[in-house]
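Engineer: Residues per chain are reported as follows:
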Amino acid sequence: MSSPKSMQQPMALRLSSAGFLAFWCLLASFPIFWIAVMSFKDPIDAFASNPLSVIFGPETVATGRGLSIVSIVVGAAVLWYTVHLAVTKLPRVVTQLTPPELIVPGWIIGAVVFALGFLIVFFGILPPVLGVLNSVLGPLGKPILGLTTEHYQAVWAENAFYENFINSLIITVGVVTVSLTVGTLAGYGLARSGSSLAFWILIVALVFRALPHSVLVAGYLPPFINSAEILRPILGEAAPTLYGKPWAVIAVLVSINQPFTIWMLRSFFQNIPNELDEAARVDGCTHFQAFRWVIMPVMWPGVITTGLFSFLLAYNDYLVCSLLLDAQNQTMVPAIAGYFNRETTTTDQVEAVAAAVSIIAPLFLLIMIFQRQIVSGLTAGAVKG
Amino acid sequence: MNAKTFAAFVGPSIFLMLLFIAAPLISVFMQSFYITQPVFETVQVETCTPGFPNQTCVTEEKVQPVLGEDGKVITTVKYVGLESYVNVLEPDRAWAALKALDFGSLLTIDFWKALRFTLTFTLVTLPLVIGVGLAIAITVNNATRMIRGPIIFISLLPFIITPVIGALSIRWLFIGDGIMTAFLEWWLARDISMFAQGWTIELLMMFYRVWHVAPFAFVVFYAGLQTVNQDTLESAVIDGASRWERLRYVVIPHLMPLIVFISLIHLMDSYRVFEEIVGFSSQAYRISLQWLTYDLLTPDDSGNRSISRASASAMLTMIGIVVLLVPLLRKTWRDHKGGRV
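Top line first, the protein sequences correspond to chains A and B.
Quick note: the first sequence uses numbering that gives the first Met the number 0, first residue 0, plus one each step.
Quick note: the second sequence uses numbering that gives the first Met the number 0, first residue 0, plus one each step.
Treat the hints as calculated values from the structure; they're not laboratory data.
Check the hints yourself; a few may be wrong.
Claimed, not checked - Simulated coverage check for chain A against chain B, where a stretch passes if three residues somewhere in it have a Cβ under 8 Å from a Cβ of chain B:
| id | region |
| --- | --- |
| 1 | 78-88 |
| 2 | 214-225 |
| 3 | 248-255 |
| 4 | 314-328 |
All figures in this text were calculated on a predicted structure; none of them were measured in a lab.
All C-beta atoms in this analysis are idealised placements derived from N, C-alpha and C, irrespective of residue type, glycine included.
Could you build all of it, start to finish, from the sequences and the hints given here?
Structural biologist: What follows is the structure, given as structure tokens:
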């Protein structure tokens, strides 16, 4: 594609815009890259003022923990081959083995099996093999790049971060499922109803979206703490204390998320032609049957995108979880506050860094897989105004 | 679609929103006029210590909370009117400070301090987010097709990662003798500690927010740029418009609705600024309105939460939201009425 000469850019402009883009990419990725590097180093290296010693970690190498050239090359090769497999082989195997109507569970199982295989090869088989190789190869086998996973081990095993991980998992899975179920129905109803009431519901939802979450939590706290007494006349002795219960937090997060969810799903449903369900109605379907058999098969792109954003809201939430859950069933993000408030020794600090990296690693994968959906979700609401 | 089916579809969602958004709002409003406090009683306590030849006994009056049958502290709820609001706003001190034109002492009151920071934060980051987002969108749009995918991927990183962690990751670059501080010290040849005074933390917080939200603005503007009318651009070229004029008179007007959209979303979101305070641990220097409510809701050393004051501060925060939303709602209302006529 060649553009007309007048539209071509002068050299200076192209150079400066390339420079600007490079600068932005550096700015966007650097802090994240840097904490990932820090999390693998000894505290002295991690907080060194010389960037090179943070990257190469001389102190970490000096204690014999590091990667040799051989290890780096082999590790990189394995990583590259994994990505290659994931992009080429995995989709083919999944589509061959699963019938089309089970494609979503098929993908989930495929991804889990693939991830497990990778973890076994990369962390189970590779280190002993490389250990033997390094001892045989002499100078090439000497560690040059400091790397230690001890902070991750400390965080996940000793400090039982996996408990927080499980809590996060429960809450995010709950929020995504419930808010999509409720939101899809409402979004469909709102998209297909031209009534004035639907308009007002959307406007009120917009107002609700702007509310600070702390305002709402101030409303939840007293009833949640005393819920056992409040609910006793209705539920008898089985009345629960809502404070500290994950499912209560799920209900809260689902509701806080509802305004956004119904706005987004409504705009996706509006893109599905009305003729589809009208045809089904003519053939004698009720609205629910039309929704079940005609709309549901075609709505998945919109639902997946909305689900991603519900996931992010629940996963990233600090305020609601930290106030409504107690220390025993805290999720990952508020739990990390415990680390950096404690930060008494530099080891604690690096452990906090490792915990932080553990939290954002799944998000990194998420963008890699769902970049297209995220972008379409961001623009869906906006471009239509 | 008749009313019954509509209700069946929308019902669950409306129920959730009423129960967990509308009802708490009303209850916060009510809570702000009442305080719950333990009932105290004054009792005479005789404490005796062994002594010789007689015990030494002291009788003293003690104030202690009354315990109910289940061993819990009995509490009463008392109507206090606007007292909680007065406690939060401290109008006497604020007024005295205003009269003396002494803004320093006005800003020692938590609420005014939080309000000052929240407003500055919102208004300073807004143009930066729009500007940076637009600049990235335009340059990416001019770049070769091949590198657009990776750039969008990298740009999404700051937007998607957990806000608290994003703030932390920037904090760790600057903390102590972190590499950015070391770099700045080498560059400016002076001692720098970013976390020893308020304004540097404030700068970092604003930087973080722009870093975090600019990708969102970028993606939206980039999508908008795809729909710019090429014919208009070409005719502008034929009319001899320079690159800058084309941007100013063709592209920006086309993107105007999106700029308004981003501004609104950004105003709503940065008015709720909270995660930065946690991430940068800035509560000693800078607090925001939402953090003020959060702090009042967190149990203090004796395990009490000042629900009433928190509710008052929450209601005061709401005023800002209302001010923000009224123009938007008026416009929507006019469009809605206009659309039907």
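Engineer: Check, residue by residue, whether the region 248-255 of chain A contains three or more positions whose beta-carbon lies closer than 8 Å to a beta-carbon of chain B, and give the verdict.
Structural biologist: holds (count 5)
Engineer: Closer than 8 Å, Cβ to Cβ, for at least three residues: run that test on the region 314-328 of chain A against chain B and report holds or violated.
Structural biologist: n = 5 at 8 Å, threshold three: holds.
Engineer: Examine the region 214-225 of chain A for residues whose CB is less than 8 Å from any CB of chain B, and state whether their number is three or more.
Structural biologist: It holds: at least three residues are needed, and the region 214-225 of chain A offers 9 whose Cβ sits within less than 8 Å of chain B.
Engineer: Go check the region 78-88 of chain A versus chain B for me, would you? Three or more residues, Cβ under 8 Å, otherwise it fails.
Structural biologist: violated (count 0)
Hint 1 from the earlier list is the only one contradicted by this structure; the remaining hints agree with it.
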